[in-house]
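There are 2 protein chains.
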Amino acid sequence: MLNKIMIATNNANKLREAREIFSPLGIEVVSPREAGVSADPEETGTTFRENAYIKARTFHALVDMPVFADDSGICVDALDGRPGVYSARYAPDGNECEKLLGDMKDVPEGKRTAHYACVIAFVDGDTEADFSGICEGRIGYEKRGTNGFGYDPIFLRGDRTMAEMTPEEKNSISHRSAAMKGLYEFIKERYGE
Amino acid sequence: MLNKIMIATNNANKLREAREIFSPLGIEVVSPREAGVSADPEETGTTFRENAYIKARTFHALVDMPVFADDSGICVDALDGRPGVYSARYAPDGNECEKLLGDMKDVPEGKRTAHYACVIAFVDGDTEADFSGICEGRIGYEKRGTNGFGYDPIFLRGDRTMAEMTPEEKNSISHRSAAMKGLYEFIKERYGE
Chain U
45 MLNKIMIATN
55 NANKLREARE
65 IFSPLGIEVV
75 SPREAGVSAD
85 PEETGTTFRE
95 NAYIKARTFH
105 ALVDMPVFAD
115 DSGICVDALD
125 GRPGVYSARY
135 APDGNECEKL
145 LGDMKDVPEG
155 KRTAHYACVI
165 AFVDGDTEAD
175 FSGICEGRIG
185 YEKRGTNGFG
195 YDPIFLRGDR
205 TMAEMTPEEK
215 NSISHRSAAM
225 KGLYEFIKER
235 YGE
Chain C
45 MLNKIMIATN
55 NANKLREARE
65 IFSPLGIEVV
75 SPREAGVSAD
85 PEETGTTFRE
95 NAYIKARTFH
105 ALVDMPVFAD
115 DSGICVDALD
125 GRPGVYSARY
135 APDGNECEKL
145 LGDMKDVPEG
155 KRTAHYACVI
165 AFVDGDTEAD
175 FSGICEGRIG
185 YEKRGTNGFG
195 YDPIFLRGDR
205 TMAEMTPEEK
215 NSISHRSAAM
225 KGLYEFIKER
235 YGE
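Chains U and C supply the protein sequences, listed in that same order.
For the first sequence, this note's numbering assigns the number 45 to the initial residue and increments by one for each residue that follows.
For the second sequence, this note's numbering assigns the number 45 to the initial residue and increments by one for each residue that follows.
Treat the hints as calculated values from the structure; they're not laboratory data.
Here a beta-carbon is modelled for each residue, glycine too, at the ideal position from N, C-alpha and C.
Watch out, some of these pointers could steer you wrong.
What the hints assert, rightly or not - One side only, chain C facing chain U, incomplete, derived with CB under 8 Å:
{"id": "1", "residue": "D121"}
{"id": "2", "residue": "A122"}
{"id": "3", "residue": "G125"}
{"id": "4", "residue": "S176"}
{"id": "5", "residue": "I178"}
{"id": "6", "residue": "E180"}
{"id": "7", "residue": "E213"}
{"id": "8", "residue": "K225"}
{"id": "9", "residue": "G226"}
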């Protein structure tokens with residue numbers, strides 16, 4: 045039976061989400077900070093999957109428990125899939141929504157399709173496995189809403205942005221929760237209930 | 045407890061895969077043909093999710109059981125995400141690999157990234173839910189391998205095409221199996237074990 049697993053991030057939101065998912069299985073989720081380790085691996089991959097494995101393997105080398113890491117981003121069709129794996133580094137000044145709206149200013153309605161993608165990599169020393177999810181939508185013309193983070197204020201599902209949804213609504217459709225379902229299923233199968 | 049579920053396709057491979065997944069739960073998977081119904085809904089959506097729901101809702105209106113449907117395709121970054129939802133209709137003559145290789149002939153290495161995506165929609169009259177997965181890779185320069193179907197002979201993971209993998213290998217990394225994990229998890233939670 046598995047008692048403890050590390051999530052390769054100190055992000056409080058991701059940590060809380062992972063705890064909600066795994067506590068019913070009796071599995072404790074710990075962050076690097078809680079385990080007393082730190083690392084800042086360079087995300088040199090060209091895919092979400094490669095970057096997720098870079099992070100999971102780096103932290104697994106430091107601790108004696110299974111580790112999972114996610115990598116995610118937004119892929120805009122009219123921009124050849126950019127910013128993609130560079131989503132977190134797209135706007136050096138941190139105004140990623142403004143930068144993306146600017147880059148999309150000449151893109152007509154009907155060509156503004158985009159998707160969020162998430163890949164989660166799991167590493168335990170014996171096995172590696174990965175899980176994925178997407179969330180399809182469109183890029184709007186202005187920021188709307190105050191929930192969420194990143195590109196959520198300009199990412200439309202129907203006529204609402206992801207930042208106009210409650211956390212529960214977002215969670216029910218998000219790329220990350222889709223990938224987490226795969227991880228959850230894998231953990232249950234591998235370690236028993 | 046759920047005894048029976050319909051998969052909104054008569055495709056033998058998808059039907060067999062769904063049976064392998066759901067038989068351990070004691071759930072029988074039936075095709076439209078086996079249920080004595082038929083429909084050919086027009087896939088007018090601009091996203092995989094929309095098309096998956098179109099198919100699931102259409103068949104659910106004809107039968108007295110939950111229905112799930114998948115929609116999937118390949119999204120090439122250098123082609124603004126095309127063929128995407130049009131993957132199955134991209135080459136009218138059926139030679140989709142040749143058409144895509146032709147459209148990519150001037151695209152240099154390093155810009156040939158692509159991903160398969162799959163969305164599965166579930167409809168049971170009370171609830172609708174959807175699940176997704178991706179498989180990231182690159183478009184090669186020639187067809188290789190005889191397994192799989194569709195764009196598999198030109199879709200590279202590392203140095204092998206998806207058509208050079210065994211069905212088991214493909215299944216362990218495929219966009220469809222990632223989405224099916226989400227559906228499986230949902231079914232287990234909703235209908236008990």
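Status of each hint after checking the structure:
Taking 8 Å as the C-beta cut-off, the interface hint given for D121/C holds, the closest approach to chain U being about 3 Å. With its C-beta approaching chain U no nearer than about 6 Å, A122/C sits inside the 8 Å limit, and its interface hint holds. With its C-beta approaching chain U no nearer than about 3 Å, G125/C sits inside the 8 Å limit, and its interface hint holds. For S176/C, the interface hint holds, since its Cβ comes within 8 Å of a Cβ in chain U; the closest pair sits about 5 Å apart.
Taken as an interface hint, I178/C checks out: its beta carbon lies about 5 Å from the nearest beta carbon of chain U, inside 8 Å. Proximity of E180/C to chain U holds as hinted, the smallest CB-CB distance being about 4 Å (cut-off 8 Å). A hinted interface residue such as E213/C counts as satisfied when its beta carbon comes closer than 8 Å to some beta carbon of chain U; here the least separation is about 13 Å, so the hint is violated. Using the Cβ-Cβ criterion of 8 Å, the hint placing K225/C at the interface with chain U is satisfied: the shortest such distance is roughly 4 Å.
Taken as an interface hint, G226/C checks out: its beta carbon lies about 4 Å from the nearest beta carbon of chain U, inside 8 Å.
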